[in-house]
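Chemist: Using mature numbering (1 follows the signal peptide of the UniProt record, and there is no 0), the letters of the sequence shown map in sequence onto residues -19 to -1, 1 to 481.
Just so you know, nobody snuck in bad clues.
Using C-beta positions, here's what the derived DEER-type ranges look like:
1. 298 x 239: 18 to 24 Å
2. 418 x 298: 37 to 43 Å
3. 400 x 373: 45 to 51 Å
4. 368 x 56: 40 to 46 Å
I should point out that these hints are in silico values taken from the structure, not numbers from a laboratory.
Note that beta-carbon positions come from the ideal geometry of N, C-alpha and C, so glycine has one too.
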Amino acid sequence: MLRIDFLVALIALPSLILAAPSGFNSFASTKRQVNSWPQDLSGLVVEVDDPSFDELSVRWSTFEPPTFDAVFVPESEEDLTNGLAYLTSEGIPFLTKSGGHGYSITLNSIQDAVQINMAAFNSVTMNEDLSVTVGSGANLNDFVQVVGGAGREAPVGSCPCVGVMGATLGGGIGRLQGLHGLMSDAVRSFRIALWNGTFVEASADVNSNLFWGMRGAGQNFGVVTEAVFETYPATNGGLNYEAQLELPVETLGEIIDLINPMLPLDPALAIVTIVASNATTLETVVLMNIVYIGPEEEGRAYAQPFIDLSVNSVESILTWVDLPTQGSGGFNNVQCVPGRRNDLYGQTIATIDKESVLEMTQSLTTLIQENPLLNASSFLIESFPVQRLDAIPKRSSAFPHRGHVDHYFEILVSFTDDSVSEVGDNWAREWRNHFSQPEVSGWDSWVIYQNYAHGDEPPSILYGTERWRQARLTALKNTYDPHGFFDGYHPIPRRLQDWS
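When you get a sec, could you build the whole thing from the sequences and use the hints?
Modeler: Below, the structure is given as structure tokens:
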């Protein structure tokens, strides 16, 4: 069996996440006066000295984080309207928290701010037409429990505690993208509070241009209170074959040689390969998670060559409802532990360059042996199917990377002691840059999924290099957020000349 104690020792891996960000710009240095809230809102505000403040304001990563001096917890749309009107009129910076997993260093621009905590908007409701209405406080496990309980499925990420809305606004990748596309592709409509508290709807029929931008760049325009998603009949009766493997690091080259010819992956197959260190022994190992949404014998046929290389393996049949919390040997739950300094870099690659991966593996081993405080660091490759994702027209939404998402390559430097911050960050950045070279990535230019971005990339890398796409996003930004209140997370430039 895969050792659970070993898994727990490994650390939280990157999640499909982001919280809807807020503006800073000229407001960043403005500090709110304590107890200055309007009377009708003061009962919804948690100050720094309140016992519940830390629990409400905590984030998954504390690397280059935003800081808060109050948490505003609206209980209704009216509360949110009044709160936004107050904050923007007073020039007070704010950041909206859905799941709190956003880790981009752009969030560090939000200082001495108010967190708008959407925990009260956590409803998930199946509708008569089998769509599902999701509040912005719901996480992926909330979503899966309700949708799967109705005998349906929908695209989701892997980590159960990530906020549904944050993942969706950046695109929303996941195992089901080969069958159903992105999470954002499944959205029928959004309900959005703008900077001044005004509510608007966005769908294919109402404010369709905003609807286009919300799906891939949605954190730039307002606070989403709810969205309606399509759902689909459960594949294979909702049953998934899963293989969780531990393999010697010496087999990594063989693993890559097996994966590369499999592209494009079967629409029902997803493979995650992790190179990490045992936190106690500092031994470098390879972990794999293979999920097939179909009959057991078909899934095992895909997994068997990797099982043959493994030293420990666990095969399971899990329902789609149980996969987020019970899959990966329970490791997804470990990913949810907040409060570490998680410094991440991402890149999308067309093929896995074996020589580079083997060289990086040796480099990771050396890094951790020389800096044991970085023993929770790792890198991973998510290999997901692309059939439905790539079949949807590229112009259909603000997500710019269709045709360029065969593998998501992620580097995680994780620590609690700041003495290793610089060496870890330099190491991760150098390897991100290496894997971004055309001869390594397989792409002519950098391709980075914005939910996996570090935050040092130009916006054209995250939102697309096409001038028509940039002009459309800039026009939307100037229409719906002209003052930059929602600039805290990968802001869209308000001038075309600022895209590069």
